[in-house]
Amino acid sequence: MKIMVAVKRVVDYAVKIRVKPDKTGVETQNVKMSMNPFCEIALEEALRIRESGLASEVVAVSVGPAQCVDTLRTGLAMGADRGIHVEFKDGLNPLSVAKVLRALVEAEKPGLLILGKQAIDDDCNQTGQMLAGLLKWPQGTFASKVTLDKEKQVATVDREVDGGIETVLLDLPAVITTDLRLNQPRYATLPNIMKAKSKVIKKYTPGDLNVEIKSDLEVLQVTEPPKRKAGVIVSSVDELIDKLQNEARVI
Amino acid sequence: MEMCLTCSVLYAKTTLGSEGSLGIVTKVSILTPPKLSSVNVAFLACTDYLSCQKLLLEARRKLGEVLSAFEFLDEQAMDLALNHLEGVRNPLPPALHKFYVLIETTGSDEHSDREKLEAFLVHSMEEGLISDGVVAQDIQQASSVWNIREGIPEALMKAGAVYKYDLSIPVEKIYDLVEEMRNKLGHLARVVGYGHLGDGNLHLNISCPQYDDAVLAQIEPFVYEWTSKHHGSISAEHGLGLMKADKIFYSKSPAAVQLMASVKNLLDPNHVLNPYKVLPQSLSSP
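Just so you know, the sequences run in chain order A and B.
Here the first sequence is numbered in our numbering, starting from 1 and rising by one per residue.
Here the second sequence is numbered in our numbering, starting from 1 and rising by one per residue.
Bound-form chain A, shown alone (with noise of 0.2 angstroms):
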C-alpha cells in the first residue's frame, strides 16, 4: 500500500511572527521557515506505518513557491521515499490545494491519505477534510491513535474531542489528519540526508494537473491581537466594588 502524505512549508514555530505594517499579511522575508508541525507528525506516522510493514511506500507532497523544495527534502531526509512538487506561486488556499491532491490521488492511487490537522499559518483545519469530501473517502480527524488492519483493509482513529475521544473505524481508503498527540516525530539523521540526495522529487504545475487555482475570498486586512491591558492591583474591598461597579460595568 502507498501512503501520501501532504507537507507545507510555514513559517517555523518558534519564530516570534509581526505583522506587515501595510497589514497585508505576516512578514516572512528573513524568517525561518520550516514543515508544519502537524504535517512533520503525519509523515512521522506514514513512516511508522511503513517500518511496521503495512504499507510499502511514502510519497511526500507539497503545494507552494519553487522552495517547497526544501520542505520535501525534509521529508525525504526523515525517511520518505520520493517526493512531489506541484509548483505555484501565490494565492493557495484549502479547496484549491485539496483538489490538487485530489488529482495526485487519481495518478498515484494511495490507500491512504494523511495530513496535518491544520497549518499553524492560517489555521484552516479544512484541507484533509475538504479532500476527503471531494474523493467521497472517509475521514478521521485530529488523530491522536491510528491501527490498521491489513487484512480487513480498515483503519481504527482516535480523535481528539472536546469531550474526550472519539474512536472511528474508517475503510480503506481513507483520511487522516494528525493531532498534535499522535506522535513524537524523529530527527532527520545523516544517512537519510545522504539518501535524500539522490531521491526523486517529481515537478508539477496545477495546470498539468487540470486544477484551476482561484480563490473565493480576499484578504482586506491582517491586525494583531489587541494588546492585553496589564492587570490593576486594588488597595481595599471598597476600590475593588467601585471598579466592578462603575469601570468594568460587571455589577
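It should be emphasised that the hints constitute simulated quantities derived from the structure, not laboratory data.
Watch out, some of these pointers could steer you wrong.
Simulated pairs of lysine-lysine, BS3-like, Cα-Cα distance not exceeding 27 angstroms [stated by the list, open to error]: (1) A/Lys197 <-> B/Lys13; (2) A/Lys195 <-> B/Lys62; (3) B/Lys277 <-> B/Lys13.
Predicted model, so just to flag it, every value in this text is computed and none were measured.
The hints should help you fit chain B onto chain A, whose structure is shown.
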C-alpha cells in the same frame, strides 16, 4: 558586543574580566548587528576524542565564518542528561555513544548554509570522523538539542553532589585529564567532561551521591597541578572568585600576581571592590 573605547582604553580593557574587583560597570552602550536568521544545529556522535578534535579542525576549515558553536560532551554527560532532565530524548537512539558534538552554524542564507553544513557532515561521515548524527529540521528540534548540552549542569545538580572545575587546556590534552581523573577515582565517583571545545575549554565535573572529603582529596590539588603542568588555566571562563583565589599561582607566576596586586592597590586602595576574590588573601588586605 563591541566596547566603545572613547573612555580610557587601558582602564576599560583592564576592568573586563576582573570579576568586579577593579571597578563596576555603570553604563553600557550596545551596538548590535542584525540577528542572522539562518541557524542550523547538528548533533553528532564520535567514537573517540581524536575524532572530535579532527572534526573541530575540519569544521573550522569547511564551515569557516558560519561556525557559531562547537560543543562536546562525553557519554557520562549524556547519560546524566537523559536520566535527570525533563522532556529530553536521545537524538541518536538507541545506544549511547562515547562522544557527542554539537555544531551550530549562523549565517544569512538558509539554503547555502544548510548545503554547506550537510556537505561538511557527509564528508566527515565518509572520512570516519562521525559515526552518526542528526540535523535539526526546525527551531524546536534545535532547541531540544541545545537543551541537552545546556542542561548538563542541572542534571549534575539533580544527581547528587558535584565538584566542578572550569579549565582551559590545550585541545589535544583535554580528555586526557578526564580519563586520568576517572582512573584515579574508580568507583568513588563519576567523572563527566563537556565544554566549549572550540575554545579549548573543559568543564570537568565529578559527581557522587554525597560530598566526601576523601573524594576531594583525590581531586585537589591533582587537577590544578595537572592543568598547570600542561600550561592550562585553572579558571577558564567562570573566574577565580572566592574558591579559587588562593589557587591563582597554578596559572599565574608570582611576578604576574604581584603585578595584578599592584594594579588592584592602584585602582582600589581601600579594597572595597568585591573583596577576597581573585587575589589570594595575603595580597588582598590593604
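So, going through the hints one by one against the coordinates:
no. : hint                 : result
1   : A/Lys197 <-> B/Lys13 : violated (50 angstroms)
2   : A/Lys195 <-> B/Lys62 : holds (21 angstroms)
3   : B/Lys277 <-> B/Lys13 : holds (19 angstroms)
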